[in-house]
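Engineer: Quick mapping for you: the protein sequence lines, in order, are chains A and B. Heads up: the first sequence at position 187 corresponds to 187 in UniProt numbering, and the numbers run straight through without jumps. Heads up: the second sequence at position 61 corresponds to 61 in UniProt numbering, and the numbers run straight through without jumps.
One or more hints might be untrue.
Claimed, not checked - Taking lysine to aspartate or glutamate pairs in the DMTMM-like style, the calculated list, with each CA pair at most 20 Å apart, reads:
no.	chain 1	residue 1	chain 2	residue 2
1	A	K116	B	E28
2	A	K55	B	E100
3	A	K113	B	D132
4	A	K55	B	D180
5	A	K118	B	E105
6	B	K145	B	E181
7	A	K55	A	D376
8	B	K93	A	D376
9	A	K116	B	E170
10	A	K116	B	E171
11	A	K55	B	E129
12	B	K92	A	E414
13	A	K116	A	D376
14	B	K92	A	D376
15	B	K79	B	E28
16	A	K112	B	D180
17	A	K113	B	E105
18	B	K152	A	D43
19	B	K85	B	E105
20	A	K112	B	E181
21	A	K113	A	D96
22	A	K55	B	E96
23	B	K128	A	E47
24	A	K274	A	D359
25	A	K113	B	E100
26	A	K118	B	E177
27	A	K113	B	D182
28	A	K274	A	D345
29	B	K167	A	D119
30	A	K116	B	E177
31	B	K161	B	E148
32	B	K93	A	D398
If you are wondering where the hints come from, they were derived from the structure by calculation, not from laboratory data.
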Amino acid sequence: MGESFRKRRKILGERFRKRRKFSSKAWKAETEAKYSSSYSWPDLPAELLGLILRKVPFVDTIRCKAVCSSWRSAASQAQAEFHSIQSTPWLMLPSDQEGDFTTSRFFNLAEKKVYKMKDVFGAFGDDVWCVGSCHGWLVMLDDEANPVLFNPFSRVHIQLPLIPVEFFNPIDRSEFAQIKKDFISKAILFADPSHSNNFGAVVVIYGTLSSLAFCKQGDTTWTNFVGENRGYYDIICHDNRLYALRYNCSVEVWEFQSALPTKILSIEPRTTLKHVDGNLPRDKVSTQLYLVKTSSDFLIIQRTIGNFVNAEGDVVDESYLLSSSDTQPLVCPYRTMLFRVYKLDLSKKLLVKVESLKDQVVFLGGNQSMSLSSHDFSECISNSIYFSDDRWSEMDVDYLYGGHDFGLFNLDDEEIRPIYNSDLEKFDPPPFWITPNPW
Amino acid sequence: MSNQSESPNPTSSSNKITLKTSDNEVFEVEEAVAMKFCTVKQYFDDENNNNVTSGTSTTLIPLPNVESHPLAILITYCKKHLEIKANNADNKKEMEIDMEHYEREFLKNVMPQELTELILAANYLNFKEALDFFCRAVASAIQNKSVEYVRKFFGLESDFKPGEEEKLREEFAWSFEGVDED
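Taking the hints into account, I'd like the entire structure generated from these sequences.
Structural biologist: Structure (structure tokens):
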């Protein structure tokens, strides 16, 4: 630093202190003068760089690694801590270009930005099918319906044992590959395998009876749960236990300490849910149930889907599709109409209707059902349910739609809004919520 | 040396503390302001314990790691911070709104180089709110920005071996797309 520069700095310093108001043009001029020439940038120690990088979204930390070597190590450090900090899930979408089956898109709610990844699933064949999403990992069935865990952000995969033939008797394995899209309705992991390579256990709801089966880390095959084992709607892992929701709204708690899972509790609410709420005709809608653990409660969420919904948003009868004078039937895809939320009162064994989720935000679909607080994630609209299409059995029913039923339901006004505008009507493969976990 | 003794509330009669920077400038600040700098507070408390005399304007605290330029800015920021807090003592929401507004205006005048100096000074002084604010400001300034932009922002140059950066860019090509260059 030259003598004249030092002198100038001193004069500037004095001027600054004499000034009364902070935000003035003079300050700007002064700082511009200060940094204009022969200024040597101070180095940020790794510890302070780390403070900054911990406030940067993970996708930016990836780019920060390419800045220089000290940034690379600070960013790696920040990333290593990242997995424990939650982020909002991204919506995994197929390509929007016709005929492009190799590009996947990931819509980040926080930035309202779409990231495109080329050939993410290439290694698993053309007809890979997702059945679950947990800790940033997808549970998938590859071309031959062999189960595999895959992290699309790190591109790491973990092969799982084959599904035993007795699970899909009487058909054989090649036929099974044909029906795989309608076989597993949900799959969850007990642990995040990113760092330890240990997923704990994978639990699935499978088959026409909606039974439970599991495969622990190190197992060579899948094993059925013992007991009645049917009629499961949703499963979540909480505190290293499995919470399983059944058709009658009972919630079972299973422990995984011994070789076989043991049922340690079954909470059977004394109240039952109305099949359909509101003014929707019961015979024209379907319902799906989800189990969600919020910071304080277990929620049972009922999703009501109109089987045929016309352009005006009204649920119609199937016969309506042919009532037009045209020879072509009308296209009225299924659409989610509303959600109802109930709190499971564990002590009184009651289901209590919840009018507001307050600051909570819920993500539902093929993913492990989850909830976040909009205080922590300002990109989320509070008191809302972000949902994706998990009506996979209808994926191949109509070539004009499928996978399209995703959006945002707000409990304040009970309106459904789009979260991502697209010209597509068919989303094949169906969108999935996935929380990026790239390391 | 001249003093900076502007007060958000001129009628208050509080003790003054004198701070001396690495470039030998002397700042006289109100105790309430100085106490937000934990390093100063620590020094001040230790002094008070050693001498039984209470804090008076004779206390001079040397800050060998802080230059006058960032200190002047930090004092201004701190005063405003206290003022906003005092004005909205019973309304946290209002306080947050006012603070946000002030911080937005504040950042319009700050140059990237200055932010780095402010972070270093706030860290040395252990002024937590300011450190958090400046780190947030930098984090949001580099969000969705190109690598080249970040380098320019911090006056950095790549020191990678040939191929290292390319490998990273290739592996995570998706995250380098669609970012702002300036």
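Engineer: For this structure, which hints from the list above don't hold up?
Structural biologist: 1, 3, 5, 12, 13, 17, 24, 25 and 32
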